[in-house]
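K.L.:
Protein chains in written order, with the numbering used here: chain G, 11 to 395; chain A, 11 to 395; chain S, 11 to 395; chain C, 11 to 395.
Hints listed in this document are in silico derivations from the structure and should not be mistaken for laboratory results.
Treat the hints with caution; some may be incorrect.
Copies of the same chain look alike in the list, so a pair counts if it works inside one copy or between any two.
[What the hints assert, rightly or not] Only pairs whose alpha carbons sit at most 30 angstroms apart, straight line, appear in this in silico DSSO-like list of lysine-lysine:
{"hint": "1", "residue 1": "LYS112", "residue 2": "LYS93"}
{"hint": "2", "residue 1": "LYS339", "residue 2": "LYS54"}
{"hint": "3", "residue 1": "LYS75", "residue 2": "LYS85"}
{"hint": "4", "residue 1": "LYS57", "residue 2": "LYS29"}
{"hint": "5", "residue 1": "LYS228", "residue 2": "LYS57"}
{"hint": "6", "residue 1": "LYS37", "residue 2": "LYS25"}
Only a predicted model underlies this, so the values are computations on that prediction, with no experimental measurement involved.
There are 4 protein chains.
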Amino acid sequence: YRRTRSLHGPSPATKFGPKACMLQNPKAVMHIQDPASQRLTWSKPPKSILVIKKIQDHRLLQPFKDLCIFLMEEKDMIVYVEKKVLEDPTIADDESFGPLKKLSTFREGLDDLSDRIDFIICLGGDGTLLYASSLFQGSVPPVMAFHLGSLGFLTPFNFDTYQSQVTQVIEGNAAIILRNRLKVKVIKENWESKVGQEHPVEENGRIVAKHGENDLGKRAVQYQVLNEVVVDRGPSSYLSNVDLFLNGRLITSVQGDGVIVSTPTGSTAYAAAAGASMIHPNVPAIMITPICPHSLSFRPIVVPAGVDLQIMLSPDARNTAWISFDGRKRQEICHGDRINITTSCYPVPSICFRDPVNDWFDSLAECLHWNVRKKQSHLTDVEDY
Amino acid sequence: YRRTRSLHGPSPATKFGPKACMLQNPKAVMHIQDPASQRLTWSKPPKSILVIKKIQDHRLLQPFKDLCIFLMEEKDMIVYVEKKVLEDPTIADDESFGPLKKLSTFREGLDDLSDRIDFIICLGGDGTLLYASSLFQGSVPPVMAFHLGSLGFLTPFNFDTYQSQVTQVIEGNAAIILRNRLKVKVIKENWESKVGQEHPVEENGRIVAKHGENDLGKRAVQYQVLNEVVVDRGPSSYLSNVDLFLNGRLITSVQGDGVIVSTPTGSTAYAAAAGASMIHPNVPAIMITPICPHSLSFRPIVVPAGVDLQIMLSPDARNTAWISFDGRKRQEICHGDRINITTSCYPVPSICFRDPVNDWFDSLAECLHWNVRKKQSHLTDVEDY
Amino acid sequence: YRRTRSLHGPSPATKFGPKACMLQNPKAVMHIQDPASQRLTWSKPPKSILVIKKIQDHRLLQPFKDLCIFLMEEKDMIVYVEKKVLEDPTIADDESFGPLKKLSTFREGLDDLSDRIDFIICLGGDGTLLYASSLFQGSVPPVMAFHLGSLGFLTPFNFDTYQSQVTQVIEGNAAIILRNRLKVKVIKENWESKVGQEHPVEENGRIVAKHGENDLGKRAVQYQVLNEVVVDRGPSSYLSNVDLFLNGRLITSVQGDGVIVSTPTGSTAYAAAAGASMIHPNVPAIMITPICPHSLSFRPIVVPAGVDLQIMLSPDARNTAWISFDGRKRQEICHGDRINITTSCYPVPSICFRDPVNDWFDSLAECLHWNVRKKQSHLTDVEDY
Amino acid sequence: YRRTRSLHGPSPATKFGPKACMLQNPKAVMHIQDPASQRLTWSKPPKSILVIKKIQDHRLLQPFKDLCIFLMEEKDMIVYVEKKVLEDPTIADDESFGPLKKLSTFREGLDDLSDRIDFIICLGGDGTLLYASSLFQGSVPPVMAFHLGSLGFLTPFNFDTYQSQVTQVIEGNAAIILRNRLKVKVIKENWESKVGQEHPVEENGRIVAKHGENDLGKRAVQYQVLNEVVVDRGPSSYLSNVDLFLNGRLITSVQGDGVIVSTPTGSTAYAAAAGASMIHPNVPAIMITPICPHSLSFRPIVVPAGVDLQIMLSPDARNTAWISFDGRKRQEICHGDRINITTSCYPVPSICFRDPVNDWFDSLAECLHWNVRKKQSHLTDVEDY
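Turn these sequences into a full structure, and let the hints guide you.
P.N.:
Take a look at the structure:
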């Protein structure tokens, strides 16, 4: 007999010795499906599929065509693609690609896909999944991601057997991992509405609070990020100086190139480059990693997923800072602006190739060469003698 | 309005787009009290108190006496202390310490304290709490830990106002943090019972499986650790070579000085010295940190609290390895021995001074000087000019 | 008896066993004054002094005035200051500052100071010395640097006793450390001379090769840096991809935020923030440090001072890169551009407060808090118990 | 035209501006052959060759035999091997190995090889060269090191073409790199001579000072190390506490697992595992690297080759420490003992396969996978999209 796998940890005992116990607080109890057992199901058969293709990669052209035809003709799906994908000359000029006429198109930042897509397939690198995440600022449909050639952290499926793999998922037979996202709200002080900004809808962000004119032009825009939000010095040669608050407490000031607030999914991306430990995406946590900090003792830290973080320029900062969201939407942060960050309740449901554990360790080895060595190679050691 | 604090993260949405959702699996649902709201209560008033004092520190003598007298005379408690504490000449020879006769004593490894202690008070450094944890291999009574002079990660209370602080806790008014422990089972192959080992009770461990003679002398001993279990090269100059399995999969081989498997509580101890990121103790996770690994790419990783880890000597290892538990009980690991590690369901309920977040950041600053700088000091930068 | 201190190392034996020896090659023998014994002397008494003041720091105003008056009136020196220093309103409007009229001024980038300055005094942070270095692209006069309040790596003198300290140096009684600089040549491919660039004299750089029109507009500019030359992704969100050559061999490709090539002096500046080990400035070496590299195994390396480094965009780089010199003169690097780096033969002769060793360790402690701890504070350890 | 390569750096200018210059001090001038041009020559043809073979590696048996026969029969050399190599059953029982009778043998620690060996050939891993170094505590004959299969930092030659390679070297055609060693003197306080220690000759160390009986039994033993000297906590679970002095100044106290003092050659060995930057062996430097230090800000440092280091137990250390020399000769260090370390004037002249630069970078890639990546693999980045 073997106990059921868990990816959360045991429910801890709540009696402590003969007489002490935890005060029951029903309002603060959370009910969580153990991540090890999370599986996808469909309330109705999926019909609308969004296919996202890495752009400017000629090797992807034929797989993309094959996939679209398979989905439309064999699976009778409605396939959405981004309009600019079809404007790519290699596709637009390809007369053999007849089914092109039947594809539905959308334009990023103009057409709203919310509630219109049942299922997403990505083709290419990890960036396709980051892009898919950016298109869905609320609930995200299940995502199945294929790599061509080289395994990615977010693209676990090999394209070779895509037909059977896609069929299985459509039939409702798939393990999923819920990849936490961060909800990032940027509140700009003294924002002036300008001509040409009458539609201040950020491409993928959402304006969550537009205050009246009497409110001195405050504006808040909100983004969901899958990897990380970065606050850095931008094009400036000078350091950024930002203050970091957690649940309202000033926990530290960052002096250096910047700071990365990342999900566990993002811990293997920019945060790893900046020296962080790598966190499995099922751990409910937020990682805070300084970028080239001016203090030798500024080690990355990992805090619980539920905390509220806030970042602001330090009062004595001589320069502005810049923010970006999963590497996109770069914008300046000025004195008085506030960045609020917490875990989103809209994760990205990412379909596993095998399961959350094996997929992750496969990626660590393939993508980061984590502790990969030739058996014989090693540091110089007298033991050789 | 301000939402209730959370130290777990939001319950994620379980509908994904218009048609997909998570398959409900009632058996795998966990019910978790949000760590931010965990408070202590008493089913009956506490009566038996264990007082643990750091040994060989003369500054602690008077506080220890004051505390014991306060507990016995003002609070009418039964106070337990370790026998060897009273054998310390500075106490034994102190004739003024009359109440000494009324203290109850126990001997580590001989007397079982399970179910006899309602409440624990520690006096000294972080080591006192590690020691308290080792005494309770099952359920642990609530622990309140005082430092004298220098704040520790595990000793948040200042002794100056101990009377009011202790009174508050006894009256049931205390926030607690459940510090996860690791359950470590060492299964020795080919263990021969020897003369003098007829009582193979490990001091603080528990013999969990004693197989019959036909079973070739296998023996399993189990320990609960609060900080970490370390497998290293011991006194040997040569490297240790151990294989690390997670949920039955070989995830990597460790070639180097050793490997640390730690709780989040332990992430600020030896793991931090070995280069790990620091994890707040409310994150349900296990940290795996190599010690001086022979591969430049062997970065520490953080995995979900519920996984099953196993460590064994690599088949081609030329040397044995050594294991220790929170820095104690050092013993040799030979070919065929297995070390099983997972999160325990018996955490240490540690009483907070303020709350889990503020206590931790205070400790990071005090104990590790985390990103502490003089405001003016910094790296050389042309911006100075 | 105690052997003379050395900061270079012993002359190694050149006989190896009974019959082997090193082939003598008189052309390749170098004659080096042991850095431990390097002292300043004057061929004629110094007369022209350049005073560099950190700008926009009001605390420096009075010390600056006191110093200038002391040098002019007591020491009968000609004092040079930068013109914009005198345009600072707090000085220009100060009627009490009479001697102002007697100060000689220069404008950065327009007036050439070469061979006109005998001695430099810096007042402020480390940036003043970087600025002084940038003004002298060839031979650098001796530099004496004062901090006010907080010790810097490059500013070892406390201003309190400036009169006696300056007098001692002028009288020729001073230990010096020769801080190596890097000579960096940027060769721009396809550089088009544009209107308004008819005087392509870089402010502090030197045009070392201006090829004829038939030469397709190649242009080479050369800078001397004291801390480091940085090649990074500039304002782009995307990675930089550069190739690094050493003595003509491609040693690695840098994929990440960028790369730092620094002197030992610069090893405690940006390179330290990026994770490098810290190198004493008397070690003849060049340090190569990746910034947030995309490979876990990309550790900083230290190579001998004499090598020739070259950096170019990787042929498949999709973005340009940006270069800066001691944090200044930021400019874009495009495909075909070449950056050549080697150790300069014009070091900065920096006057020591005590000696090269004590000054450096004082700075490590003061500026970087190198291994500074409270005696009682430490990681959690059972030994406490 | 291309300037001569240098691996030392240019001779710096010694005039600083119009009037300052360096005080000439002929006694402190060093004359150094530029490492880039160091080549081997023979005053007489080499006759005595020491062959060192990695033990217990069956793959080396045939190459070892072939090499010995080649040297004796074709080159007419006298070949020395260690006695225990011939006692290895696989060799002793091999009747076909006739020339065995003609081999000269020695016993480590008993027979002195000084001045009897003209040339050394190593066969196996890097450990063979560490062993060769340990045999020659004074002048070291040239060493040529072969790997079988996997390139090492210290074993650059492939065995396949050993005949032509060895011939070239014997004929005097070889580039060499002088690998600095550290001279380590251990001065034991209160050392009592015991029965059986009447010949207190350390196997490879040298007793450099044996004081009289009145001198209370002080004893000093000296070792030359090629990689590093390590002071650590040994078999103890408790931390080591040692004080580190440089030129007589206390520079820091090490609290942690220990400290590594290494040569640049050793920077790619244990020091790299402990987090140090890697230093080319031609840089005249000493590296100091803490092992799992208890302070987040304790970064490795690099100091000039000529300094005098001293290590002692801290006065308040509760435990002893242990020292080892290139991983061997492990011994305890007690209160009062002193460890003096400086650069030796007896380097190991190691024959290059190509040259000091190419050999080193080949080893970094092969042995440490330094920044080796699949071209397509990388961290998650939106640029992929």
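K.L.:
Could you work out which of the previously given hints the structure breaks and list their numbers from low to high?
P.N.:
The structure breaks hints 2, 5; every other hint is satisfied.
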